[in-house]
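Undergrad: Sequence:
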Amino acid sequence: MIMAAFYPLFILSISILSLSLSSASIVSAFSSPPASNSSPMSSSTSSTSSDNKIAIVGCGVLGTSLCKQILSHPDFANRSIIGITKSTNRHDAIREQVLGSSSDDNDEEQSSRFQLLTMDSVLASSQHTFKDVVFCAPPSGFDDYPTAVKDAATQLWSSNNNKGSFVFTSSGGVYEGLDGETVTESSSTIDPIANPRQGRMIYAEQHVIELGGCALRLAGLYTLERGAHNYWLEKCSESGIQGREDGIVNLLHYDDAASAVLAALHVGHEVNSKQTYLISDGHPTTRRGICESALKHERYKKYTKVPPFLGKKEDGLLGKVYDGSKSNHELKWQPTYSSFDEFMTT
2 MIMAAFYPLF ILSISILSLS LSSASIVSAF SSPPASNSSP MSSSTSSTSS
52 DNKIAIVGCG VLGTSLCKQI LSHPDFANRS IIGITKSTNR HDAIREQVLG
102 SSSDDNDEEQ SSRFQLLTMD SVLASSQHTF KDVVFCAPPS GFDDYPTAVK
152 DAATQLWSSN NNKGSFVFTS SGGVYEGLDG ETVTESSSTI DPIANPRQGR
202 MIYAEQHVIE LGGCALRLAG LYTLERGAHN YWLEKCSESG IQGREDGIVN
252 LLHYDDAASA VLAALHVGHE VNSKQTYLIS DGHPTTRRGI CESALKHERY
302 KKYTKVPPFL GKKEDGLLGK VYDGSKSNHE LKWQPTYSSF DEFMTT
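For the sequence shown, our numbering begins at 2 and goes up steadily by one.
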């Protein structure tokens, strides 16, 4: 097994909708004010009990996949979803991604269970706490990410019932950079002061664990069009790729990341409270391996060859290998795509 000392820029730069709050609320540290078309929650919604609702903070690629999976899972048939975003700017697009355009009876039933609101709208409600909360908005867009995560847990999650879950999607980038060694859930993490970028994830995790939630440290996320492979082949074919070609990279499809979050919700508070999980597909590859696998897919065959790698063996450590077998067992979870190569060749 293998991994890269790589906290994917590609993941953090993905356009996931972040939440926003007024100065007196959750995301007082968020730099930009809410969009002008953000509107308060209707009185009919604010009077509804939130016991059966799951709040999902951040409705980007990961969040929308999670919404779709919850709506279609038979064990969550009586649960509804509140997707929480910064503004209403992408609400139509998100609804299309989650619900599709069909109007059959099943889709109408799912539509009735799915609602999108801004954070300001949620906090304007008299009942704005939820049994289960997922925070999957990335650090980009937050002046103080750890505080935003902590505020979401303290203000949105009704943790005093000791029944629901707060699930935070973190990153395997918090582990120390190693030279081909294996890391598990309990392996040492980097110094957050010396590494402030990864440090904000560590501090956010600490808040979540202290409050009784759980953190899922995810491997590098991808879809066919998103991820390191897409950037390297489309942007670096001539200029070359930074880093060693044998640098280890651990990967995870976005849909599998969402299914791991769903698994954490499914096992419940009794299992996941104050736990840290390590989530990957279990088949690490290399930077060169990523490119070679992507070239097998019709979408990338036009590039014909792997771009040159600019790094040498003496340029840094090899990377780390993720072993999340303990997490898989505890969450009763396995990825749909067992490897990046399998995804690109099926």
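What the hints contain is simulated information worked out from the structure, not anything from laboratory work.
Incorrect hints may appear among the rest.
Claimed, not checked - The calculated DSS-like cross-link candidates involving lysine-lysine, where the alpha carbons are at most 30 Å apart (straight line), are: (1) 151 / 327; (2) 69 / 164; (3) 54 / 151; (4) 164 / 54; (5) 151 / 236; (6) 151 / 297; (7) 313 / 302; (8) 236 / 164; (9) 69 / 54; (10) 306 / 327; (11) 69 / 306; (12) 69 / 333; (13) 164 / 297; (14) 236 / 306; (15) 302 / 314; (16) 236 / 302; (17) 54 / 297.
None of the values given here were measured: they were computed from a predicted structure.
Undergrad: Compare the distance between the alpha carbons of residue 236 and residue 164 with 30 Å, and conclude whether the hinted pair is satisfied.
TA: Between residue 236 and residue 164 the Cα gap is close to 47 Å, so the pair fails against 30 Å, i.e. violated.
Undergrad: Taking only the CA atoms, is the gap from residue 236 to residue 302 under or equal to 30 Å?
TA: holds (15 Å)
Undergrad: Just to be careful, I want the Cα atoms of residue 54 and residue 151 compared with a cutoff of 30 Å; is the pair within it?
TA: With Cα atoms ~20 Å apart, residue 54 and residue 151 stay inside 30 Å; holds.
Undergrad: Straight-line Cα separation of residue 69 and residue 54 no greater than 30 Å?
TA: Between residue 69 and residue 54 the Cα gap is close to 15 Å, so the pair holds against 30 Å.
Undergrad: Sort out whether residue 333 lies within 30 Å of residue 69, counting only the CA atoms.
TA: Roughly 20 Å between the alpha carbons, so the hint for residue 69 and residue 333 holds.
Undergrad: Take a quick look at whether residue 302 and residue 314 sit within 30 Å of each other, Cα to Cα.
TA: holds (28 Å)
Undergrad: Tell me if the straight-line CA distance from residue 54 to residue 297 falls inside 30 Å.
TA: Violated: residue 54 and residue 297 sit about 42 Å apart, past 30 Å.
Undergrad: Run the distance test for residue 151 versus residue 327: straight-line Cα separation, threshold 30 Å.
TA: holds (26 Å)
Undergrad: Decide if the proposed pair is consistent with the structure: residue 313 and residue 302, CA atoms, cutoff 30 Å inclusive.
TA: This hinted pair holds, its Cα atoms lying about 27 Å apart.
Undergrad: Holds or violated: are the alpha carbons of residue 164 and residue 54 at most 30 Å from each other?
TA: Holds. Residue 164 to residue 54 sits at ~13 Å (cutoff 30 Å).
Undergrad: Taking 30 Å as the top limit, are the C-alpha atoms of residue 69 and residue 306 close enough?
TA: Roughly 36 Å separates the two Cα atoms, so the pair is violated.
Undergrad: Taken at face value, is the distance from the CA of residue 297 to the CA of residue 164 at most 30 Å?
TA: violated (46 Å)
Violated hints, in rising order: 5, 6, 8, 10, 11, 13 and 17; the structure is consistent with all others.
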